[in-house]
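2 protein chains.
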Amino acid sequence: MVEHPVFGERFREELDRLFHWRRDVRRFERRELPEETLQALIERACSAPSVGLSQPWRFVRVRDEKRRADMRAIFEACNAEALSHQYGERASLYARLKLSGMDEAPEHVAVFVDANPAAGAGLGRGTMPETLAYSAVLAIHTLWLAAAAEGIGVGWVSILEPAAVTRVLGVPEEWRLVGYLCIGYPSEPSEVPELERAGWEHRIPAAELVLER
Amino acid sequence: MVEHPVFGERFREELDRLFHWRRDVRRFERRELPEETLQALIERACSAPSVGLSQPWRFVRVRDEKRRADMRAIFEACNAEALSHQYGERASLYARLKLSGMDEAPEHVAVFVDANPAAGAGLGRGTMPETLAYSAVLAIHTLWLAAAAEGIGVGWVSILEPAAVTRVLGVPEEWRLVGYLCIGYPSEPSEVPELERAGWEHRIPAAELVLER
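One line per chain: the protein sequences are A and B, in this order. Going from the first sequence to the numbering used here is simple: count from 1 and add 5. Going from the second sequence to the numbering used here is simple: count from 1 and add 5.
Isolated chain A (complex conformation):
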């Protein structure tokens, strides 16, 4: 039998600090990331858990300038549409929020889920096929935490029409968009979520979110 490694008190404190500092970053320096750093982050992401070990995450590095411009156009259209659904003070606050770092972030990585992966032979996803997409989310979160531990910021852009993204990036038909990541060095690090600083929302105490049955 293998012994479970023992993680010390010091490590757990730092891990908490990491959870606390892992922000959704929308303000980036333009400075490039080293190529090997990005590859290492994607490798780390692939160590995430997945349903039935299906590893259904698929990464698309978006480097072509024309495609990046198309992606920004999709975001701008969707964001304008989202603004039109906000009213009164919320609308003016929304209009002032910076919700994407797509202009400055040196790296753009779109993460998809393969809706019908060969790996895993269907195990664990018969009643809840959405666990495939959830596995890709676990990969994103792993990448996000590993990045934060290196002082690298990740911003998850979700204000995008998935079908339009799939078209612009020309990916296989059975792939579905899970998240679009902007990656780079944060220009204004903060330990408080930008939406909290801007007065959009606040933290709910955990006790209010737990039931017993």
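Taking lysine to aspartate or glutamate and the EDC-like style, the derived pairs with C-alpha atoms no more than 20 Å apart in a straight line are:
#1 K71(A) <-> E217(B)
#2 K71(A) <-> E109(A)
#3 K71(B) <-> E217(A)
#4 K71(B) <-> D108(B)
One-sided and incomplete, this derived list gives chain A residues near chain B with beta-carbon spacing under 8 Å:
#5 V11
#6 I47
#7 P167
A few chain A residues that face chain B, going by a derived Cβ cut-off under 7 Å, partial list only:
#8 P10
#9 W26
#10 E48
#11 C51
#12 Q60
#13 V65
#14 R68
#15 R72
#16 C83
#17 V142
#18 A154
#19 E166
#20 L174
#21 P198
#22 V215
Keep in mind the hints are simulated off the structure, nothing from the lab. Just so it is clear, CB atoms sit at the ideal spot from N, CA and C, and this is done for glycine as well.
Go by the hints and put chain B onto chain A.
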């Protein structure tokens, strides 16, 4: 401006070890978890990122013996159904797999997503409402990693009919099941996924999962 904390090389190595050791655990000791430990894990989960800071995760601690028995019955029915879709060698291998630690795990926590949370005022989820469920997945992963750092195991059971779970647990109608977690001390720690050890599936090299556009 706040300085981003610097995480050292030592911390990053331990974090990698954590990603590597964070297993889906299905074999538990019956030993109880301290009450404050479970509460602290749920609090940690609530520090996860969420779309528009909507914090749509909802936790149900399942303690009632009758409800636990009903949950096991749901798993057994769904697992038998899943087995009937496997053929030949895969079927005999599937039948030998232990896919849930529901019998032994001292703590059961069902995680739901509120499909229409007040918090966040809809921000970021207009085009991709599935980001609400994804936020609950990020909370589960945060809990999972925090648990592993304390030598506590988590097993995510997905072989369940969500509507049946919602009925057994009597939760609000707009809540959707995201995952059912078994939590406790692992009885057979391993650094290799159980499905890999059993020969069900193997790891895919990261390079095969990346495209450039």
